[in-house]
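Student: Each chain is listed here by its residues.
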Amino acid sequence: MNESTTGMAVRKEIVVEAPIEVAFEVFTRGIATWWPMATHSTSEARARNVTLEGRKGGRLYETDVDGKEFDWGEVTHWEPPNAVTFTWHLGRAPEIAQLVEVRFAAEGDGTRVELVHTGWERLGEEGVEMVKNYDSGWDFVLGRYVEGVAGR
Amino acid sequence: MTYGNALQALADPTRRDIFERLGAGPRSVGELAAGLPVSRPAVSQHLRVLREAQLVAERREGTRNIYNVDPRGIEELRLYLDRHWGEVLRAFKKEAEATAKRRRDKK
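As given, the protein sequences belong to chains U and Z, one line each in that order. Here the numbering used here is used: the first residue of the first sequence is 1, the next is one more, and so on. Here the numbering used here is used: the first residue of the second sequence is 1, the next is one more, and so on.
Just chain U, same shape as in the assembly:
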């Protein structure tokens, strides 16, 4: 898996041995068949299902064993089998705008899937800017941060 970052964005790429239509369908309509619910959900052990409604404005939500629903985000771009974009609430912080863009591109017999999670840039830039302006003592920490990002 290749990884790189731009600022605070998280960018991931993976190549799957599956045709683009299958890759897109499994990622979206079939999300409940593979999403690691036990560890990556709001209700964890009590999580039962995850649903991605395949249309612009569709919901992305989790359902627990009692049928209670937890919104994870909303589909903002729906372009099968090439792209799906959804907002990401990060559990319980819907006010922090987060966006996850997933792009699919045919590559040989397989599909390259690229995922970009943005939304922390603002906090990151403010943090970095603040350090520059107000406290040179943070140069060391910031240097390490930049090195860490560059080295990935």
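Be aware that a few hints might be false.
[As the list claims (entries may be wrong)] Below, in silico cross-link-like pairs of lysine-lysine (DSBU-like), each with a Cα-Cα straight-line distance of 30 Å or less:
(1) Z:K107 <-> U:K56
(2) Z:K106 <-> Z:K94
(3) Z:K107 <-> Z:K94
(4) U:K56 <-> U:K68
(5) Z:K106 <-> U:K68
[Said to hold, decoys possible] Covered by chain Z, per the in silico footprint, the following chain U stretches (three or more residues, Cβ under 8 Å):
(6) 26-39
(7) 107-117
[To be verified] Pair ranges (Cβ atoms, derived):
(8) U:E107 <-> Z:G35: 49 to 55 Å
(9) U:E107 <-> Z:E61: 52 to 58 Å
(10) U:A32 <-> Z:R103: 14 to 20 Å
(11) U:A83 <-> Z:V38: 41 to 47 Å
Read the hints as simulated data drawn from the structure, not as lab findings. Just so we're clear, the structure is a prediction, and the values are computed from it rather than from any experiment. Ideal placement from N, C-alpha and C gives every residue a C-beta, glycine not left out.
Since chain U is already given, all that's left is putting chain Z on it; use the hints.
Tutor: Chain Z alone, transformed into the frame defined by chain U:
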């Protein structure tokens, strides 16, 4: 979600508010409390949680404690999300390939 301390800390709206105010520049507890509908001790309590999550750092300036944003916590958040999506995509790859194989075998 099993987010790190930083994300847990930011899940609270008041703490998020405090954190975003500090994004505009360093502040003392008094300055933070003046703009918020919560008491000064409450602000101190929130700052403690943010400090434990390494989102906020504290320094002494004369008789006042000044708080500012700590880049370490932000980097921790980014690393957390990086791991999160790595795990998610690996799980996706496994299922997409199994589905593709099932369909090939059926033909």
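Student: Flag every earlier hint the structure violates by its number, smallest first.
Tutor: Violated hints: 1 and 5; rest satisfied.
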